[in-house]
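Student: Residues per chain are reported as follows:
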Amino acid sequence: MSKVEAFRQHHFEDVEQQHEASWLGMWVFLATEVMFFGGMFACYFVYRHWYLQAFASASNHLDVLLGGINTAVLICSSFTMALAVHSAETARRKPLIAFLLLTIVLGLLFLGIKFYEYHTKFEEHLVPGSSFRFEASLARPAEIFFSFYFAMTGMHAVHMIIGIGLLTALIFKARRGRFSAAYHTPVELTGLYWHFVDIVWIFLFPLLYLVGRHL
Amino acid sequence: MSSQPVVSVRTYALVFASLLFLTALTTTVAFVDLGKGMHEMAALTIAVCKAVLVILYFMHVRYSDRLTWVFVGAGFFWLLILIGGTMDDVLTRPQLSPSTASVPAQAYPR
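Just so you know, the protein sequences line up as chains H and E, in that order. Just so we're on the same page, this note's numbering is the position in the first sequence counted from 1, plus 8. Just so we're on the same page, this note's numbering is the position in the second sequence counted from 1, plus 153.
Here chain E stands alone, though its shape is the one from the complex (with noise of 0.2 Å):
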């Protein structure tokens, strides 16, 4: 909004540095053994740790108005909802009904 301060070049470089240090500590972590199903979490909780930064810092929105958040926060919310609803399906299915447990053998038919 035109209403927006003008964000400093200081605070750019800050979130620009953030973002390469997180870019290097997601790299290092994924070499090292952390045990099973850590390095989802680890990958995804830093990758989501530098959207925010980009999206409040580089894309102003943490300057922005109620309006704007919601736009935005609408996109992630229903990205949530399709990831969300299709995982659920995806990994109770072998519980409710445990002849198509496994992996679909017919996926990639030759």
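The shape of chain H in the complex, shown without the other chains (with noise of 0.2 Å):
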């Protein structure tokens, strides 16, 4: 038995087909998450067509220093996560744990910002609730931007930290010497999973910290 066979399931005929299959079950999954946060994205759409100017209000209460600090951050982190699988591709250990180890701390350094930024919204009364103040004429409409802010941003944070957690358990596989250049499926698949959480970040900072800096 070869060293890739080793790797294969039983009820996989060959390691390519297991392979492939592994690989299509990670996009139907990606696929229901676009579905997932889609939904989101569509509400905001709705909200923002009937209060633009709340909206735009709203979102100028941003930190878009902050925001784009951190989408630059999470897009070297795709980097990073881009790099640890073609070590893994390559069979190179040590930059694979590297890479994984230094998408971890962009990882963390991420959310390290977007706990700041939430701390500072508490102390600006800009979390929904009984303790909200906003402009009084646009306070209802700004309190539904927020409850979007908050839903959106923590939704994708979540998803954050279980990419960091994903990416914890890899590093301790890949430390036992469990990938090759012919078996590194669970670094590709996570770098997927890494990836599309770079993508709805991609979506959420213009349209969240964004859309009213003109005005």
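It is possible that some hints are incorrect.
Simulated coverage check for chain H against chain E, where a stretch passes if three residues somewhere in it have a Cβ under 8 Å from a Cβ of chain E [what the hints assert, rightly or not]: (1) 80-86; (2) 158-167.
Stretches of chain H that chain E covers, calculated by requiring three or more beta carbons in the stretch to come under 8 Å of a beta carbon on chain E [as the list claims (entries may be wrong)]: (3) 29-35; (4) 45-52; (5) 203-209.
Keep in mind that the hints were calculated from the coordinates and are not lab data. Predicted model only: the values in this text are computed from it and were never measured. Cβ coordinates follow ideal geometry from the N, Cα and C atoms, glycine included.
Make the complex out of the two chains shown on their own, each in a separate frame, by following the hints.
Tutor: Next up, the structure:
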């Protein structure tokens, strides 16, 4: 039995088929994730259409610099993730572990900045609820904007935390030498997940932080 | 797929640089007055470009087989139906029944 065959589960004809099943299965999962976030985006578009002015005004209370930095941090993390997959493909274990670690560090940096932003919003009374304060004429729709802000960035952050968990598990596996040029499907699929979470943020950043800047 | 070629670090670096450039571009453009409706267009166009770059290169779809393209395309096609169908209703309703033309006043009961 070849080294590659050792990774084959008995219900697959060969490793090629096994890999294809995992790969397509991951894409099906990501399609459901597109629907999951898509529902929130669709609602956002409807309410933004109804309360255009309030959304623009509320959006200007977000810190565009921190949002921009976080976008860059997340893109960097996607780059290091791509390099981790590349290291796995070329069977270089040390760079693989290093890039996975770097991706985790960047992910934590993103969450740290996000945490600071949330903290500021609490201080500024911009968290929906009884202590929400905003210019009276726009207060209610502005509260709706911030509900979207916390729901969407919150769900995104949950995905980041799950991603960091998956990356941590990969590091332990990589240290035990579980991956090779022939078999590194978990690294590849976690990469897909991580890039997907990056894409969600690529849309969240302009829609939440930038829409009202020119006003 | 395991038949996929290994994407070069150079390609990844180019995509990475493009993504950072487009982030700077979308942020800059947001502060310029482009006229009504153009900001949404600009922001979404740039975001779609960035997403396509990530999907094609970081996620290896460019080097994947047709079946993968169908799976990826289906996800985004349904997203388009979801948002397109919803907005089609919201945007055209005022023309069909003027009584509901404006913002639903009861959308956020006090």
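Student: Work down the list of hints and note, for each, if the structure agrees.
Tutor: Here is what the structure says about each hint:
With 4 residues having a Cβ less than 8 Å from any Cβ of chain E, the region 80-86 of chain H passes the three-residue criterion, so the hint holds. By the rule of at least three residues with a Cβ nearer than 8 Å to a Cβ of chain E, the coverage given for the region 158-167 of chain H is violated, with 0 such residues. As drawn, the region 29-35 of chain H meets chain E at 3 residues by the rule of a beta-carbon pair under 8 Å; at three or more, the given contact holds. Closer than 8 Å: that is the beta-carbon criterion, and the region 45-52 of chain H has 4 residues meeting it against chain E, so the requirement of 3 holds.
Three residues within the 8 Å Cβ limit are the bar, and the region 203-209 of chain H against chain E gives 4, so the coverage statement holds.
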